[in-house]
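Trainee: Spelled out, the chains give:
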Amino acid sequence: MPWRSDKRNRFIYGGMYSLLLVAGAFFAFYPSQAILNALQSGLVYAWSGFLVTGGMSSFYGVARNKWHGEMIGLPLLSAANAIFAVALFLYAQTTPSYGFGLIFMAFSFGCLARWRELRRLVKLIEGSRHGS
Amino acid sequence: MDLNLIFTILFGAGSGGAIIGIQNVIKAMRSGKVQSEETLLSRIDADNKKQQEMRLAAEKRADDAEKEAEGYRKQRNGAREEVARLRWFMIQQGLTPPESGDDT
Numbered sequence: 001m002p003w004r005s006d007k008r009n010r011f012i013y014g015g016m017y018s019l020l021l022v023a024g025a026f027f028a029f030y031p032s033q034a035i036l037n038a039l040q041s042g043l044v045y046a047w048s049g050f051l052v053t054g055g056m057s058s059f060y061g062v063a064r065n066k067w068h069g070e071m072i073g074l075p076l077l078s079a080a081n082a083i084f085a086v087a088l089f090l091y092a093q094t095t096p097s098y099g100f101g102l103i104f105m106a107f108s109f110g111c112l113a114r115w116r117e118l119r120r121l122v123k124l125i126e127g128s129r130h131g132s
Numbered sequence: 133m134d135l136n137l138i139f140t141i142l143f144g145a146g147s148g149g150a151i152i153g154i155q156n157v158i159k160a161m162r163s164g165k166v167q168s169e170e171t172l173l174s175r176i177d178a179d180n181k182k183q184q185e186m187r188l189a190a191e192k193r194a195d196d197a198e199k200e201a202e203g204y205r206k207q208r209n210g211a212r213e214e215v216a217r218l219r220w221f222m223i224q225q226g227l228t229p230p231e232s233g234d235d236t
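Line by line, the protein sequences give chains A and B. Numbered per the numbering used here, the first sequence spans residues 1 to 132. Numbered per the numbering used here, the second sequence spans residues 133 to 236.
Keep in mind that the hints were calculated from the coordinates and are not lab data. There could be a bad hint or two in this list.
[Said to hold, decoys possible] Here are the simulated distance ranges between beta carbons:
# : chain 1 : residue 1 : chain 2 : residue 2 : range
1 : B       : ILE158    : A       : ALA23     : 27 to 35 Å
2 : B       : GLU200    : A       : GLY14     : 58 to 66 Å
3 : B       : THR171    : A       : PHE29     : 35 to 43 Å
4 : B       : LYS159    : A       : GLN33     : 19 to 27 Å
The beta carbon of each residue, even a glycine, is placed where N, CA and C say it ideally should be.
So here's chain A without its partners, still in its complex pose (with noise of 0.2 Å):
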């Protein structure tokens, strides 16, 4: 069975990276009470412009239909959404706040199956190109 590659899933990713992107930035000026009592002030930019990069990056690359953005950008997400879960696991101090930090570090899970995936093709890709 070949590969196959869905366009509509780049206008589905395309909207989850923005998405990512506009957050970052808002949490830039406005940042989650859980991180504030999590991060240092610089870390707590740096979160965010995790969160920025890695969606612009990743956003970037799903609109020019290359990969690379998302080699880059999936990791920042990754770990910028797992910053974010431990942060609400630990000191959101509300209950709800469990279960949204499970759902974020399944989010981080998400991203990184992502980036491995897109890792193993290039790899296999530049394998075959050696061996041909």
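Following the hints, position chain B against chain A.
Mentor: Same frame as chain A, now just chain B:
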């Protein structure tokens, strides 16, 4: 476990992953054009197809060789039967047939 350490690890992992991504991009740019995911997938498809064709061709060659070997085996068996018949005929005529060599 120190919570700051968890955040440091996460920040480090994110930055490290991005650096690995940048390295991959630089490597890809040096070796040629950075391609779309569809192009990568279609190239893998083409590679798979090529490998499948090569496998089928190799299987066909093996089958042909097996058929050829079968033909030679039949030829050898026929020759052995012929030798046995001749040896039997010689013995019937009171002659001593020569020592048969190793034909394996």
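Trainee: If a hint holds in the structure, say so; if it doesn't, say that too.
Mentor: Hints and how they fare:
1. B:ILE158 <-> A:ALA23: 27 to 35 Å: holds, 29 Å
2. B:GLU200 <-> A:GLY14: 58 to 66 Å: Check passed, 59 Å falls within 58 to 66 Å.
3. B:THR171 <-> A:PHE29: 35 to 43 Å: holds, 39 Å
4. B:LYS159 <-> A:GLN33: 19 to 27 Å: For GLN33 of chain A against LYS159 of chain B, whose Cβ atoms are near 42 Å apart, the range 19 to 27 Å is violated.
Checked against the numbered hints given earlier, this structure breaks only hint 4.
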